[in-house]
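Engineer: Throw the hints in and build the complete structure from the sequences for me.
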Amino acid sequence: MNQMTSVEKKVNTQDIKISASGVQVYYGDTHAIKDVDVEIEDKTVTAFIGPSGCGKSTFLRCLNRMNDTIDVCRVEGTILLDNEDIYDRKVDPVQLRAKVGMVFQKPNPFPKSIYDNVAYGPRIHGLFKNKADLDNIVESALRRAAIWNEVKDRLHAPGTGLSGGQQQRLCIARAVATEPEVLLMDEPCSALDPIATAQVEELIDELRTNYSVVIVTHSMQQAARVSQKTAFFHLGNLVEFGETGQIFTNPEDPRTESYITGRIG
Amino acid sequence: MTDLTNSPAAGVPRPKHGTLLTQDARTAKRNAAEKRFQMYGMIAIGIGLLMLLVLVFTIVRNGAGAFQQTFITLDVQLLEDKLDKNGNRNIEEISKVSTFGYSPLISQALEDKVASANVQTELSGKQLGDILSKSAAATLRNFVLRHPETIGTTVNFEFLASSRVDGYLKGRVTRDSIANDKNISVEQLDVVDQLVEGGSIEKTFNLSFITGADASDQRPESAGIGVSMLGSLFMMLVVLALALPIGVAASIYLEEFAPKNWITDIIEVNISNLAAVPSIVFGILGLAVFINYMHLPMSAPLVGGLVLTLMTLPTIIISTRASLKAVPPSIRDAALGVGASKMQSVFHHVLPLAAPGILTGTIIGLAQALGETAPLLLIGMVGFIASNAPDSLASGLLSPNSAMPAQIYEWAKRADPAFYERAWGGIIILLLFLVTMNTVAVILRRRFERRW
Chain A
34 MNQMTSVEKK VNTQDIKISA SGVQVYYGDT HAIKDVDVEI EDKTVTAFIG PSGCGKSTFL
94 RCLNRMNDTI DVCRVEGTIL LDNEDIYDRK VDPVQLRAKV GMVFQKPNPF PKSIYDNVAY
154 GPRIHGLFKN KADLDNIVES ALRRAAIWNE VKDRLHAPGT GLSGGQQQRL CIARAVATEP
214 EVLLMDEPCS ALDPIATAQV EELIDELRTN YSVVIVTHSM QQAARVSQKT AFFHLGNLVE
274 FGETGQIFTN PEDPRTESYI TGRIG
Chain B
674 MTDLTNSPAA GVPRPKHGTL LTQDARTAKR NAAEKRFQMY GMIAIGIGLL MLLVLVFTIV
734 RNGAGAFQQT FITLDVQLLE DKLDKNGNRN IEEISKVSTF GYSPLISQAL EDKVASANVQ
794 TELSGKQLGD ILSKSAAATL RNFVLRHPET IGTTVNFEFL ASSRVDGYLK GRVTRDSIAN
854 DKNISVEQLD VVDQLVEGGS IEKTFNLSFI TGADASDQRP ESAGIGVSML GSLFMMLVVL
914 ALALPIGVAA SIYLEEFAPK NWITDIIEVN ISNLAAVPSI VFGILGLAVF INYMHLPMSA
974 PLVGGLVLTL MTLPTIIIST RASLKAVPPS IRDAALGVGA SKMQSVFHHV LPLAAPGILT
1034 GTIIGLAQAL GETAPLLLIG MVGFIASNAP DSLASGLLSP NSAMPAQIYE WAKRADPAFY
1094 ERAWGGIIIL LLFLVTMNTV AVILRRRFER RW
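Quick note, the sequences are listed as chains A and B, same order.
With this note's numbering as the guide, the letters of the first sequence map in order to residues 34 to 298.
With this note's numbering as the guide, the letters of the second sequence map in order to residues 674 to 1125.
Note that these hints are calculated values from the structure, not bench results.
Just so it is clear, CB atoms sit at the ideal spot from N, CA and C, and this is done for glycine as well.
Chain A side only, calculated, beta carbon under 7 Å to chain B, not exhaustive: (1) ARG130; (2) LYS139; (3) ASN141; (4) PHE143.
Structural biologist: Now the structure itself:
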């Protein structure tokens, strides 16, 4: 409880980074997301919670158009990133994804060296002038992902040889290296043990100073620990969205209360 | 009623569990069934292995002979007044002397050899000549044309023995079996026996079988598989150059980019069906399209390669798609997630991971194409006797040639049993190629297989 209040204190009003309104998602005939409005602030950690299959991951993947890769998926409504509609015809999802980075549920480093994993994004986006530049980018990304000390002596060892928690932090470093403005995390700790989870959570809190972070999680304790804003999804609806402290201590909707007290889910 | 609902097993006696130390009837029956099944499996594998052993044994036994050939060593006097009357070593004048000019020299050399080895025979030099290959005079003439300086000297020369003599030394021809044979007589075999004792007739390793060209019906002893091996090589070059890029491009498009709708479904089904189309159908297609319509040269490895490309494409596409499918989607997500385009994610990440599988599929497709005979029948690559190795890439692709399996088929259907032996020998060489290619495929798969 002590921790939660400390988080609460940090909350201060920020600019709106992403603003979604009237978002509908269909998988073929299934209506997966029903009329969701949400506003995600800059330099804030926003947590999406809810029971399995409630649509929180689907909604997260709408934010960087990863759903485009699914043929049957159809998105309606508007999602504005810095007041630009990301589903506009003129928007190239590739450019969008450079701005909105993503970390996945399962650590998925490329089967290449640690260095190449982190350098891949800067390489394809041409973010560096020379080798020394790239070295700096890689180092600072690995430092921001709090994994530099563990891997600095073996940057050219394969990334797949790291432990699960290290792999996930490497994936975070990889996402950070392209200098995104928003970082989406889809249950980043579900494959990790408690110690690695704690490291990643600490990292998320640090990342907040530079990025807008959106995290999907199954663990309500995690949502309470790392986030300032929380959105509760249920059966494709956004049931409640507000300050994390508010949601966990004094939810307005009875469904939220049932979920966080463990009666549904 | 209540009785029934209360005890679910009413009417059915509750099973009694006896001691665990003895098997009850049911367990014993189950175990016996499992044992029986394992035995069937072992018998099946045993039969398979036995057949493989029989096959390999038969091939080696029948084909090994082709790698040895009987040679007769003779000292030939290259008389100047016969070969170069003017004595000025002008190649053009020397080449006017045909093989008929050389035959007496060889006959003389044989007579000398017979006399010096104290062989008892009443045969004349010309009759003795039958124990040599019919190519002997031509071989000698070619030698003299290459080395005109040897005219006037006596050279020690190894001549191919005739296929009958060769068969006699290998046990294929016996004194009984030649009763009605016009090509050799018992008296000639007597001479052969004595020359073998004297060391003038020997079986040695036959390199020209591997490197040489096919020969006419009359002289099986000089037939080789080398030129048709080149024909196969050029066909494989065509197949590799066309089938690999086309197949891989098609698979990548179908697997990674194409929308999933009824058109791609139909294409997919048809590719699978094409893999099962009999190869002779591709042959007649090649005949109609490449030769009759496009007027490409008959019997050319280029046409053979094109036909085999059609045949190999489905194999390569199917295996490439399978290996692309085997790359975990999380790798694609990861690449897209850092802002790579679809094509970058495929070429930077998916393709390298799928490469071993693609290579394996390609090599297996090539191996399949290498052993294919039926389509070659239709485009005229069978029955053509290529006497020279092609001298350039263009002539290798465009000049008529044969291919290894077609050559084997050609030998197997000729009357002389000496060709039969060569057919088996050719099969050994073909199998060596196939085994090598498949081994390379396995090694590549093992070496580059990544686990994640």
